[in-house]
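Protein chains in written order, with our numbering: chain A, 1 to 356; chain B, 1001 to 1356; chain C, 2001 to 2356; chain D, 3001 to 3356.
None of these hints come from the bench; they were simulated from the model. Every residue, glycine too, gets a C-beta built ideally from N, C-alpha and C. Do not rely on the hints blindly, as some may be mistaken.
As the list claims (entries may be wrong) - Stretch-level coverage of chain A by chain D, calculated; a stretch enters the list once three of its residues show a Cβ under 8 Å from a Cβ in chain D: (1) 152-161; (2) 232-243; (3) 256-267; (4) 281-288; (5) 332-339.
As the list claims (entries may be wrong) - Partner residues aside, some chain B positions facing chain A, computed with beta carbon under 7 Å: (6) R1044; (7) L1169; (8) L1221; (9) G1227; (10) V1258.
Unchecked claim - Here are some chain D residues the structure puts well away from chain C; computed CB gaps all over 10 Å: (11) G3030; (12) Q3033; (13) S3059; (14) V3157; (15) P3160; (16) F3161; (17) R3164; (18) L3207; (19) T3208; (20) Q3254; (21) L3255; (22) G3257; (23) V3258; (24) A3264.
Protein chains: 4
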Amino acid sequence: MPPLNLVEYERLAEAALDPQTFGYFAGGAGDEQTLADNIAAFGRWVLRPRMLVDVGAASPASTLLGGPISMPVLVAPTAFLRLAHPDGEGGVARAAAAAGTIYCLSTLATTTPADLARASPGGRRWFQLYCYRDRGITRSLVQQARETGFEAILLTVDMPFSGRRERDLRSGFVIPGEVEVPSFTSASSGRGSATLAEMVALLDPTLTWRDLEDLVAEAGLPVVVKGILGAEDARLAVASGAEAVAVSNHGGRQLDGVLASLDALPEVVEAVCGAVPVILDGGVRRGTDVVKALALGAQAVMVGRPIVWGLAAQGEPGVAYVLALLHEEVRLALALLGCVAPAQVSRRHVVRRADD
Amino acid sequence: MPPLNLVEYERLAEAALDPQTFGYFAGGAGDEQTLADNIAAFGRWVLRPRMLVDVGAASPASTLLGGPISMPVLVAPTAFLRLAHPDGEGGVARAAAAAGTIYCLSTLATTTPADLARASPGGRRWFQLYCYRDRGITRSLVQQARETGFEAILLTVDMPFSGRRERDLRSGFVIPGEVEVPSFTSASSGRGSATLAEMVALLDPTLTWRDLEDLVAEAGLPVVVKGILGAEDARLAVASGAEAVAVSNHGGRQLDGVLASLDALPEVVEAVCGAVPVILDGGVRRGTDVVKALALGAQAVMVGRPIVWGLAAQGEPGVAYVLALLHEEVRLALALLGCVAPAQVSRRHVVRRADD
Amino acid sequence: MPPLNLVEYERLAEAALDPQTFGYFAGGAGDEQTLADNIAAFGRWVLRPRMLVDVGAASPASTLLGGPISMPVLVAPTAFLRLAHPDGEGGVARAAAAAGTIYCLSTLATTTPADLARASPGGRRWFQLYCYRDRGITRSLVQQARETGFEAILLTVDMPFSGRRERDLRSGFVIPGEVEVPSFTSASSGRGSATLAEMVALLDPTLTWRDLEDLVAEAGLPVVVKGILGAEDARLAVASGAEAVAVSNHGGRQLDGVLASLDALPEVVEAVCGAVPVILDGGVRRGTDVVKALALGAQAVMVGRPIVWGLAAQGEPGVAYVLALLHEEVRLALALLGCVAPAQVSRRHVVRRADD
Amino acid sequence: MPPLNLVEYERLAEAALDPQTFGYFAGGAGDEQTLADNIAAFGRWVLRPRMLVDVGAASPASTLLGGPISMPVLVAPTAFLRLAHPDGEGGVARAAAAAGTIYCLSTLATTTPADLARASPGGRRWFQLYCYRDRGITRSLVQQARETGFEAILLTVDMPFSGRRERDLRSGFVIPGEVEVPSFTSASSGRGSATLAEMVALLDPTLTWRDLEDLVAEAGLPVVVKGILGAEDARLAVASGAEAVAVSNHGGRQLDGVLASLDALPEVVEAVCGAVPVILDGGVRRGTDVVKALALGAQAVMVGRPIVWGLAAQGEPGVAYVLALLHEEVRLALALLGCVAPAQVSRRHVVRRADD
């Protein structure tokens, strides 16, 4: 029987991967409180559906940054996908394209932007950017992305240093030397195996909003800022030229104990005040999670780990199935909420859960 | 020893039924959060009793839609009761009649309204209505109910599509072809086994409040609207001619993550403002649950699964015993609350539970 | 090693008693939510101690109804103590007298007030009253108590009917015919074994505040009203002549789902407004529980089950030890709170616990 | 593999110590609610990081009472360290000195201030003071501390009597006669083994704020008051001449059920109003705990048990490793919070956790 939901895919992936690799993708920083809280946060809101709306034609189709998406769900950037399955980034990108949504390629992908574009020429693609201390590499990555059809630069701002991921320290997880990570290879001189922290050490921890302004000026593509958890930074991102912001705590993998993504969403939405779309990243596992995020003001959400679980379990077809499950869950949630389209979901459709 | 309470009946039913069928009746949608929350919601309120009231003659007898009921507890509509026990809908209806309360027959019953009326001629009966895409079937069902002594039409408005019930998907639950579901047989052409989703696909997902107005105009019976979870819809129901509204989330079987029924009750009561009675459906397992709902403004409650458990465990006598247990629990709760009758229970008799 | 605290005594008692009898004393009504909540309520408050107060001579000695008590802890009335241990009511009364506090004899004791007075002539004693339908018995009990040195009548007002105690129904618990319950014997004609519900059926469920006024007028002793859970009833008790009120839900044995005693205390204290002392009954297991109740406005607390556990485990010496443990715990709690005496404990010494 | 965090050190220590000794260091008073709540309190706040701050040079270095500390983490005073490991107080003091932070020597140490100064001549040291009934001993201890390079007197004010530590009563824990506790030996006449309560009985339970004033006048060193849990006492401490206050409930070892240290911090910070630094003691296990305390107004925190676990597991090197782990965790937490130094952490960096 095919998996019934995204959580079942996590179990399949755990069975398919070696424990080190599963731990790398599944784990978070420190005590993994934020990792758990990202998911728990959705349980703190309940839906408030409307009845007797004609929902025969309800559809999750939406738009983002001027283009269509089949549902308000993007594929989050994730590093090292070839560790999960040989289909790697290309397989995920093709599944996302086939599903009609946006794929985000990580700077720490096991492929270059150009190769990914060749592997998955169709579909909408964004390029996730980490800034190396060596700015030449960064400039080259942006240029390559722009020239091979990526539609936006997704700048991740929450990793000046790597979070302390104790699962990886405990398991001795390293990215094996035989798994190519092109941007890292460019930044280091001749590499073997490396830990994530060793890779992150090549990134620039001195970035400021000024650097964002420069990127906006030079990228030639819209810039989306990922990793915002508060109103001040949301306003700074907009003022610096970001065309969208993604509320995110890096899946609980950077600073343990920060706000759950969903808990940070309302203040960011209020601060941004409609100037740019807000994307929610972190903890989405159900179609009802998606509509809760919409009700709290998100234009769309990103899913990360569930995509990895689909890839690990069944390669590209697993990713396709995960996206199909989500599409159907979002469609049904919209219809049962009394909404024909994502744009109809409003703050009135959700209420704070009564405390136990 | 006979069961001491309704929860013990659930255990008996689980032993009596095959796992698929038990899962069908017991389960909810998605992660079953709403299923659990319907029950947990009662724990979020505590009773505030009054002392030294003469309660020697305390009684749960009440009235609803102009007629008497022995207690403010109705038998909720439930589909496919013959799957639980050969006594089926007729057995439940007779037990309800004998107990002095109202029985609600489901559109998806394993009997027709006319046959049910023959099987249980006495007692008060309501007919629960789903609207098929083929409106002729719907009109015929309403006419049959009206002509065979049903006192009201209970229109369920929360099922434009079937909720995603993963227990059933996992177990492969189908309604066997040999179990007759007359309304479905009329709506489909020659059937074998069918899933609930296949049955629901014949229902009309495009209904609007205008259709309710039409039903009110044409039914020739009072119309009660079941499935309301918010103030706006409660007001629309009253404005459209409903003579009562039932706060319900379909037992947690439609959209997982919505408000617990009891949590939605206060805003519906406030919105309706006394214009029509409000009925609470979902999570009632104890006499104290009943008086909590009364205190929050309900005129009566519905019980669904506990009736199924009584039926599954012991047939019609089991249902009678469940209703007798509830009657005694409600009587005792009223008396210990310092109330002689349901109408004396007021908002002052309940307070929000102090948080842990 | 002697037990270190009252909870350890419960384990000893469970080992010493047959399961039916232990279940009778330990159990509550319905789902036993109130039974548990009485204890949990203390955890919802935390203490706010003061430092550098000279507490070298801190002492729990206090007063109540014009007389001294060695600590603000009374022995609650409990029925059928001879079921717990042959030392019975007399043993408990002697231990309470030796400890310097008040013993409350139950109407459903296994001894008469006169015999108890002979068994424990010293110490302060109150007589707990249930009103039988046969008012002659009630009058006779009050007269007997008055004439044998009881200082007050403690009228329990929360038992017009017996709560539904499912542990007893499950275990088939009855009070054996050979255990004499003198008041019940007077009220019934020739008895054998009887359930508690059968005994309670002889009590008068039609009592009103008018009957309290009559009792106050006729008793010739101060009347304390036990079983108050709200402001209205507290005011009525004072207006009817009660000289103290005891906030109580009958140890969670009557209506399950009511307010925890401690949660009801603040509103009763506010309503009574200093006119009479307020006693807290329910859930006290620690010296810190006692000072929390004092901080919320109680003049004293009652302990019931812990006394039974001491009695069951070790007879009269066990009760003495339980009271000694509590005395030392209260003394230490006062001292570490920066208070020299119970009267120094104020509302500033306690705060609502921060939510998890 | 070396331990990854402080909690892992607790497991190592449990394996290294006999159960009585581990229980002594690990345990708290009564039901150990405060012991647990000290840790849980940190989970009730979440961090609110800022992005795109140049944190390349983020460092936890700070100052306290006019001198530098390598991080805002002090080593709390702990009694009887030689019970944990032969390296004892000297080993801990040397590790603290090497790590660049302050070591607090307990009055109930297994060494004298003078001997400790010889064992660890470098580094900053404070002397924790209990006042014996025999004030001569107290005066002598203060003089010795002053003359051997201790920089401050840390007066503990929350132990007029010993808390009721049931783990020790259960295990029969005593401080063996062969373990020298010099101050106790001075205060008693010829000792063998002794319980903590026997030792505490020699302390003076009649101390008042007047005694603090006298100490401030006579000590010749700054006086820090440890054991404050409320605004009134914080103001009194400042008014009496304290140069810093430490919010503490003695690690949950004195009065069980009091405020968690972190929960008391905000009111103390507000009351002190910047007049003196506030130190937070209790429950710190993570670098993120440290920054949460800073955000709520603490200038620094103390860690107690984790130091004991490091000592018990590996002697002085274990303490060094615990301090190194904390230093790195604080550095990383600061950087990921967008702060370059402890002084940049503000109330805006933390929010109350959304309730579940």
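Each hint, compared with the structure:
Residue count for the segment 152-161 of chain A with a Cβ under 8 Å from a Cβ of chain D: 4. That meets the three needed, and the coverage hint holds. Taking a C-beta to C-beta cut-off of 8 Å, the segment 232-243 of chain A contributes 3 residues in contact with chain D, enough for the three needed, and the coverage statement holds. Coverage of the segment 256-267 of chain A by chain D holds in this model, with 7 residues showing a Cβ closer than 8 Å to a Cβ of that chain against a need of three. Counting residues of the segment 281-288 of chain A whose CB falls under 8 Å from any CB of chain D gives 0; the rule of at least 3 is not met.
Under a criterion of three residues with beta carbons nearer than 8 Å to beta carbons of chain D, the stated coverage of the segment 332-339 of chain A fails, only 0 such residues being counted. The beta carbon of R1044 of chain B is positioned within 7 Å of a beta carbon in chain A (closest approach about 6 Å), and the interface hint is therefore held. Residue-level restraint check for L1169 of chain B holds (minimum Cβ-Cβ distance to chain A is 5 Å; threshold 7 Å). Hint status for L1221 of chain B: violated, given a least beta-carbon distance of 19 Å to chain A, over 7 Å.
Interface restraint check: G1227 of chain B against chain A, minimum CB-CB distance 6 Å, threshold 7 Å, status holds. At about 5 Å, the closest approach between the beta carbon of V1258 of chain B and any beta carbon in chain A falls short of 7 Å, and the interface hint on this residue holds. Not every beta carbon of chain C lies more than 10 Å from that of G3030 of chain D, the smallest distance being close to 6 Å; the non-interface claim is violated. The beta carbon of Q3033 of chain D is not kept farther than 10 Å from every beta carbon of chain C, the shortest such distance being approximately 7 Å.
Every C-beta of chain C lies more than 10 Å from that of S3059 of chain D, the closest at about 32 Å, which supports listing it as non-interface. Not every CB of chain C lies more than 10 Å from the CB of V3157 of chain D, the least distance being 4 Å, so the non-interface label is violated. The Cβ of P3160 of chain D sits about 5 Å from the closest Cβ of chain C, inside the 10 Å cut-off, so the non-interface label is violated. The beta carbon of F3161 of chain D sits about 5 Å from the closest Cβ of chain C, which is not more than 10 Å, so the claim that it is off the interface is violated.
R3164 of chain D, annotated as away from the interface, has a beta carbon of chain C within 10 Å; the closest lies near 6 Å. Listed as a non-interface residue, L3207 of chain D fails to keep its Cβ farther than 10 Å from every Cβ of chain C; the least gap is roughly 6 Å. Distance check on T3208 of chain D: its Cβ comes as close as 5 Å (rounded) to a Cβ of chain C, failing to clear the 10 Å threshold; non-interface status is violated. Interface exclusion of Q3254 of chain D from chain C breaks down, the closest Cβ pair being 6 Å apart, not more than 10 Å.
Not every beta carbon of chain C lies more than 10 Å from that of L3255 of chain D, the smallest distance being close to 4 Å; the non-interface claim is violated. The non-interface label for G3257 of chain D is inconsistent with chain C: the shortest C-beta to C-beta separation is roughly 4 Å, within 10 Å. Residue-level check failed: V3258 of chain D sits 5 Å from the nearest beta carbon of chain C, not beyond 10 Å. Separation of A3264 of chain D from chain C is inadequate, the least Cβ-Cβ distance of about 8 Å not exceeding the 10 Å criterion.
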